[in-house]
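Chain by chain, the residues run as shown.
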Amino acid sequence: MDDFYRENILDHYNNPRNHGHLEHPSAAAEGVNPLCGDELAVELEVHDGVVTDIRYSGRGCAISQAAASMLSDVVKGKPVDQLAQIGKEDVLEELGIPLSPIRLKCAMLSVGVLKVALSELTGEPLPPEWNDPSDGIEWKSA
Amino acid sequence: MKSGRIYTAAMAVAEFTTPLDLEKIRADFPILARPVHGKRLVFLDSAASSQKPRQVIETLVDVYETSYANVHRGVYYLGARATERYEGARDIMAGFVNAGDRREVIFVREATEALNLVAYAYGRTFVGPGDAIVATEMEHHSNLVPWQFLAQQTGATLHYLRLTDDGSLDPDSQERLAAIENVKLVAVAHVSNSLGTINDIPALATWAHDRGAVLVVDGAQAAPHRPVDVQALGCDFYALSGHKMCGPGAGILWGRAELLEKMPPFLTGGEMIRTVSLEKTTWNDLPWKFEAGTPAIAESIALGAAAQYLQGIGMEAIEAHEHALTAYAYDVLDGISGVTQYGPKPPNRAGILSFNVGNVHPHDVAQVLDSEAIAVRAGHHCTQPLMRRFDLQATTRASVYLYNGRDDIDALALGIEKVKRTFSV
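Read top to bottom, the protein sequences are chains E and G.
The first sequence begins at 1 in my numbering and counts up by one.
The second sequence begins at 1001 in my numbering and counts up by one.
If you're looking for bench data, these hints aren't it; they were derived computationally from the structure.
If you're wondering where the values come from, they're calculated on a predicted model, not measured in any experiment.
A hint or two may mislead.
Unchecked claim - Computed spacing ranges between beta-carbons, pair by pair:
1) 140/E to 1274/G: 51 to 57 Å
2) 14/E to 1128/G: 52 to 58 Å
3) 141/E to 1388/G: 33 to 39 Å
4) 140/E to 1388/G: 16 to 22 Å
5) 1293/G to 98/E: 38 to 44 Å
6) 3/E to 1124/G: 23 to 29 Å
7) 1024/G to 100/E: 30 to 36 Å
8) 59/E to 1152/G: 47 to 53 Å
9) 1268/G to 59/E: 29 to 35 Å
10) 140/E to 1385/G: 21 to 27 Å
11) 98/E to 1034/G: 18 to 24 Å
12) 138/E to 1152/G: 19 to 25 Å
13) 20/E to 1155/G: 34 to 40 Å
14) 1174/G to 124/E: 22 to 28 Å
Glycine included, C-beta positions come from ideal geometry on N, C-alpha and C.
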């Protein structure tokens, strides 16, 4: 239990990467988990099919905010067509800790928001696993 | 103040004396003897649901092993025995809230169901278009949403008593609402589940009755912790949850007999009838008119056992213990730099402490505390309007009960220091 807040998580929480806003985002989306009030917004800048810049903003627990920071590092510089591959497992691997079902939602907020932004960008429908009304998370493309 | 401070009895900031024999009480609760993550369990979430003493657990088992059958039907021995114990529990609960009449005690699942019973059976009969309902900004969703829904469905208007910055009911707001006409129902918590505010129920009862309204009290956070005398409180309905007072999943609604008599049933079906023809049904007498179907038999009997357990220790003694412990806890938290507390200052406060540690999200606070086997609640505590009133997303809540001692608060303080170290507060 004592390993929960590992150094890498605290580092991303205290020194968030790619935090803030873009001046001219190509796509943007928001997500809210009404159960705990976690909020997360993501903005992407895309040139020639590559994510050249990314910013996220929001408020919430260390897990949701650190996961967003870690994910932003992963996404930046990647071709858009590779991002469809990114999933829950990648976020869990980055975090490197076991999560209870309640905390799993905190961790998955950022990747869910990314999926909504990508869907807006590409016009592809949101994958059904990110569009499950039973998980209670509200997505919104900006 | 000093981080790394060691919290010892010698450093006690408030006087702490208790009439309770804590060691003896703790021995009654089997779960408290089970380590969590290899550490002593520090259970500070009784406001959500309390732990259960052996006496209650054994009663549940005993009902199923010796006296279980459906109630009010069986001609046979076990049916009579189960009915006797079930109705006996009603008598105990009538005594627990000092009801004038056992017919005024209705067994329900918990306070939420009790409040909905009033909202449906009383509200949809006696509240109509142009009428007003008054609730407060501090209510748990269970004593807010039923009234909102009632107002929407009947065309009544819903008004709120507002709060002062310390989380008490604002007398000015009561003054402002004084002009509202046709107030039919006032709903208020006896004790706030988020802030520990203790409301002056007799004064609110007078205020409601002066307007010709009934007063509905959510007693979920009060009845487990202090003596409740519904006649002295002067209210018209009082709801409580058994699971918060050492009992299982059963609760009661107490209501004035003359009101219950003129209310239609809430749920209909078996048990609540006298005669049924294909065209028409006549209702059973109180309290069974409001107990459709097979009730939670063993749970209701065990709720009686829980009430007897608490009465055996003494509700006054439990109140005095929590009173002292709350003052101690408030002072200890007050002495930790970076901790912000919400709600009234003791002594005018029940054993619910609501706080934040720096900007650390309450989920993270609770997670770090869990690593020290400290159980607290993190979130909005089902009081979203209250959170908005104080511009909060969430708080961490530690709540005490008869089995908590100063050692639990000291452990909490050390746990908070760990939170601060982890997140560099």
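Results of checking the hints against the structure:
1. 140/E to 1274/G: 51 to 57 Å: holds (55 Å)
2. 14/E to 1128/G: 52 to 58 Å: holds (57 Å)
3. 141/E to 1388/G: 33 to 39 Å: Violated: the Cβ-Cβ distance is about 26 Å, outside 33 to 39 Å.
4. 140/E to 1388/G: 16 to 22 Å: Cβ of residue 140/E to Cβ of residue 1388/G: about 20 Å, so the range 16 to 22 Å holds.
5. 1293/G to 98/E: 38 to 44 Å: holds (42 Å)
6. 3/E to 1124/G: 23 to 29 Å: violated (54 Å)
7. 1024/G to 100/E: 30 to 36 Å: holds (35 Å)
8. 59/E to 1152/G: 47 to 53 Å: violated (32 Å)
9. 1268/G to 59/E: 29 to 35 Å: About 47 Å separates the Cβ atoms of residue 1268/G and residue 59/E, which means 29 to 35 Å is violated.
10. 140/E to 1385/G: 21 to 27 Å: holds (23 Å)
11. 98/E to 1034/G: 18 to 24 Å: holds (22 Å)
12. 138/E to 1152/G: 19 to 25 Å: holds (22 Å)
13. 20/E to 1155/G: 34 to 40 Å: At roughly 48 Å between Cβ atoms, residue 1155/G and residue 20/E fall outside 34 to 40 Å, so the hint is violated.
14. 1174/G to 124/E: 22 to 28 Å: violated (56 Å)
Consistency with the previously given hints fails for numbers 3, 6, 8, 9, 13 and 14, ordered from lowest to highest.
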